Structure formats: C-alpha cells, structure tokens
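Participant: Fit chain B to the supplied structure of chain A, relying on the hints for placement.
Residue numbers (the working numbering), protein chains in the order written: chain A, 27 to 315; chain B, 321 to 511.
It is possible that some hints are incorrect.
Said to hold, decoys possible - Stretch-level coverage of chain A by chain B, calculated; a stretch enters the list once three of its residues show a Cβ under 8 Å from a Cβ in chain B:
hint : stretch
1    : 33 to 45
2    : 71 to 78
3    : 122 to 133
4    : 183 to 194
5    : 260 to 266
6    : 271 to 284
7    : 300 to 310
Unchecked claim - In silico lysine to aspartate or glutamate, EDC-like type, Cα no more than 16 Å apart, as pairs:
hint : chain 1 : residue 1 : chain 2 : residue 2
8    : A       : K119      : A       : D138
9    : B       : K503      : A       : D138
10   : A       : K170      : A       : E200
11   : B       : K365      : A       : D138
12   : A       : K28       : A       : D57
13   : B       : K365      : A       : D229
14   : B       : K445      : A       : D65
15   : A       : K28       : A       : E55
16   : B       : K503      : A       : E130
17   : B       : K365      : A       : E228
18   : B       : K492      : A       : E126
19   : B       : K429      : B       : D442
20   : A       : K271      : A       : D229
21   : B       : K503      : A       : E126
22   : A       : K164      : A       : E206
23   : A       : K95       : A       : D65
24   : A       : K173      : A       : D199
25   : B       : K429      : B       : D383
26   : B       : K492      : A       : E64
27   : A       : K173      : A       : E244
28   : B       : K470      : A       : E228
29   : B       : K498      : A       : E130
Keep in mind the hints are simulated off the structure, nothing from the lab. In this text, all values refer to a predicted model and were calculated from it rather than measured experimentally. Think of the CB as a built atom: it goes at the ideal place given N, C-alpha and C, for glycine as much as any other residue.
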Amino acid sequence: MKYYSYYPGCAVEATASALGLSVPQVAKELDIDLIELEDWNCCGSSPYGSVDKLEATCMAARNLALAEKTGLDLVTPCSSCYITLNGADARLKEFPRFREQVNEALAAGNLDYHGGVRVRHIAEVLYSDITPDVIGAKVTKSLKGLKVAPYYGCQLVRPGFGFDDPESPHSLDELVASLEADVVSWPLKTRCCGGSLIMSEEDLALELSNKLLHSVQENGAQCIVTDCPLCQINLDAYQSRVNSKFKTHYHFPVLFLTQLIGVALGIAPSALGLQRNIVSPMRVLASYL
Amino acid sequence: MVETMVKAPVEVGFIDEVCFIPGGEAIRSCIQCGVCTGSCPTASKWDYPPRQVIAMVRAGLRDELLSSNSMWFCASCYTCTVRCPRDIKPTDIMHALEIIAIRDGLSTKRSRTPVMYQCFVDSVKGNGRVYELGMMLKLFLKTNPFTALKMAPVGLGLLLHRRLPLRPSRIKGMGELKAILDKARALGGTK
Chain A
27 MKYYSYYPGC AVEATASALG LSVPQVAKEL DIDLIELEDW NCCGSSPYGS
77 VDKLEATCMA ARNLALAEKT GLDLVTPCSS CYITLNGADA RLKEFPRFRE
127 QVNEALAAGN LDYHGGVRVR HIAEVLYSDI TPDVIGAKVT KSLKGLKVAP
177 YYGCQLVRPG FGFDDPESPH SLDELVASLE ADVVSWPLKT RCCGGSLIMS
227 EEDLALELSN KLLHSVQENG AQCIVTDCPL CQINLDAYQS RVNSKFKTHY
277 HFPVLFLTQL IGVALGIAPS ALGLQRNIVS PMRVLASYL
Chain B
321 MVETMVKAPV EVGFIDEVCF IPGGEAIRSC IQCGVCTGSC PTASKWDYPP
371 RQVIAMVRAG LRDELLSSNS MWFCASCYTC TVRCPRDIKP TDIMHALEII
421 AIRDGLSTKR SRTPVMYQCF VDSVKGNGRV YELGMMLKLF LKTNPFTALK
471 MAPVGLGLLL HRRLPLRPSR IKGMGELKAI LDKARALGGT K
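With the rest of the complex left out, here is chain A:
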C-alpha cells in the first residue's frame, strides 16, 4: 500500500465530479491510499494569481502548510491545482522576502509554511510510482481495439514540475497502452483548449477546441482521454457549442484517465461516473463494460 495526502480541488466537487468518483475507485484497486487533506481550500488558481499574487499564494500556502503536517506527498487529480500549488511552492522558495510576507499572513491563521511538501499529479503517481506495467498486470477487461487519443493539454506538462516532457510527453500514451487500447498519435496532444477563457471569451475557446476535435477526427480516434478538469469540460460539455458554431458533427466521448483505467480494471460504470459525461461514452465502451 502506498500512502498520499489527497487534494481533490474545487472542480472535483462539481463540474469534474466524475474525476472525484473515479480517482478513489482506481486508487483502491491499485493499493493507493489517498487520505483527503483536512479542510483544504481553493488552491489560489490562476484567476486569483492574476488579481493578487500575495493573496493567491497565501491560499496555496495554507494548503501546503496543512499538508506538511502529514509528512506525505500531496496528490491532486487537477492539472490546474497541480501547477498552482507547485508554482506557489517554487515562488516561496525563490523569493525569501515574499515568503516572509506569506508566513506573516499565515501566522494569523496559526499556520507556518516550511517548504517540506512535494506536490504531485495523480497521473505522475500512476506513471512513476505505480507504473504502467503494474497497472497492465491488473487489467481484467482488455481495451483491445479501442482507439484512444491521449490529450495532455497544457498544465499537466507545462511549465513543467519535473514530470514528463513539456511538448512531447508520453506518460498518458504509455498508461493508455498498458490497458491494451490503441494509442492514437495526433499532433495537437499538448495544444491549448482555451482553459478558463471559455467563460469570458467563448468564441476564442471554441475555435481552439474545434482545432483539437478536428485533429482527433482526422487521426481516427473514437474517444479522448485527459487528466484535466478544464480540458474535459471544454471538449465534452461545449462540444455541442463547437458543433453548432462550426457546423461540425463531432461526437467524441471525453474520458478522464481514471475513468478509462477503471473500465479496464473492471470497475462498474456508475462507480466511475460514466453517466456524468455529456457526450456519452457508453456506445464506444459497450463491448468493454
């Protein structure tokens, strides 16, 4: 059994609830014990960091200070939380004056940041700690014949906190391959989906998503697998908006990596939140469930 502190992140409680369901299920099957960080707060995500850097870093630092007490690595399934928490940690280590200010603020909440916690993404844990070989050995339902396009998006690999290559990553490819699925190679696997701009600049974000979906189609994939709540919602919930804007007919299920792994491990569809995907994956996955 491997033990980690678990930081779900806000999206997991709402728009990425399928991630919130599938991560603990898959963890259990793979002997990973995820212990939820007590009373975690918002990571201080990039919108906050674009309004006030000190306050945003304090948000992240409260989580880091709480996690330090556990002595375990802090694991999050959200790419945005992953870079926000890691970015804050790096900033606090690089700028001593800034760190002093943050610690002065944290003291008002009886906390102290020492920089002793390692922040990791669930994909990194699955790839580096558990390894594709071990996951492959536990597969009970081979996904042979299923054509999957692994989509890394941006923040899992950039700016880069020591996991995988920022522009030519391979970890998701290997994890998908360990399930015996056909890994579709496509050129836009690390291109941006528009992220949170979907809320403020919808036309721009839909344009980016359209390019991605077009490439997925051109390369013959049946579904997309991602590890990021924002990528998932943009490509899944807004796929119909892309279709109406660009007169396209895409119908690509967008699964979280842990949903796909869960299917291969024989976990029940409802436990993986498969019915929560807007573009239903049931038809594509029919012969594997």
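Facilitator: Frame of chain A, contents of chain B only:
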C-alpha cells in the same frame, strides 16, 4: 539626447513595477526573438502580441498596454514559457500585467476576462472554495445577462449530469482563512 534623459525615469518605473511582482523579474533579458508570439495559440486576438507586450513594458508605454486586451487573452498554456530561449516566462509577465491593470483600474472593457477573474476571487473569498454555478451567474449578471440564455443548454446539461451542485461547498476554517487574507491585504505586498 536631452529628451532621452527626460523620458528615462518613466521607462525605468514601469519595468520595475513588473519586475517587482514574482515572475516578472526576467523581462530585462528579452532579445525580442518572437518565439513567444509564434507559439501563442491566441496571439491573433491580442491588441499587441506577446513579443510586443514585452517591448512596450520596456519602452514604458504603460497606459496603452494596460488598457489593451492583450494579457487578458492569455490562456496560461505556458507554451511561450517553455520555449523562451531567455527563460523569461512571458505567461508570468502577463499575470503581473493583469495584477497592475486591475489595481490601477485600467482593465479593458473589450474582454470579459477581468470581470470573470474578479468573480472567481469573490467566490473563493466567500466560501474558501470556488462555487462554479454562483460564479457563472454573477459573471453573466455583471457582463451581458443575455449570454446566460445562450449558455442555458450547457448549464442544464451539466446540471442534469450532476456536475453543477446548487449549493456551495464551504470550508470549516473560514475564520482562519479570512484572517490570513486580511493580513495579506494589510501587508500590501505585490499588489
């Protein structure tokens, strides 16, 4: 020559402001190669693309830049950051410019991004976590309520698929969190 000397303090002032915010400090090393602009997936929509943004900071064109839509179209994809041959981190510079623009009330009206970011921050400050439904509704009310109608099918889809809880999640330690943020505000810091 005299003119250059007169303009110099303005130029130094703006670049110093950017350098002062963690992440903005490397801007002086830019060689204007344009890799950032060439890598940016949204640059075609910016009033001034990334390379030019950096040149404008260094030229002291403060108000022109801060009231443009440029940095608000940055999607934080970090492609420029990993490709920059001078390790400048243009993404972080865009965030620094956003902070200065909001602080000085110079944010453009031609992008809804500044309002969206503010709604996000308000939501987090209220509950300690983001309340997505509340944040979206507030954004629509503050910008164009009619867009809510356009977005209704997406929202309804999320609701029906149990992805949009009607009630916010609130942390227990709101008192402590508020004390931390109040203290941060009192310290002023990078803001």
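Participant: May I ask which of the numbered hints given earlier this structure violates, with the numbers listed in increasing order?
Facilitator: 6, 11, 18, 19
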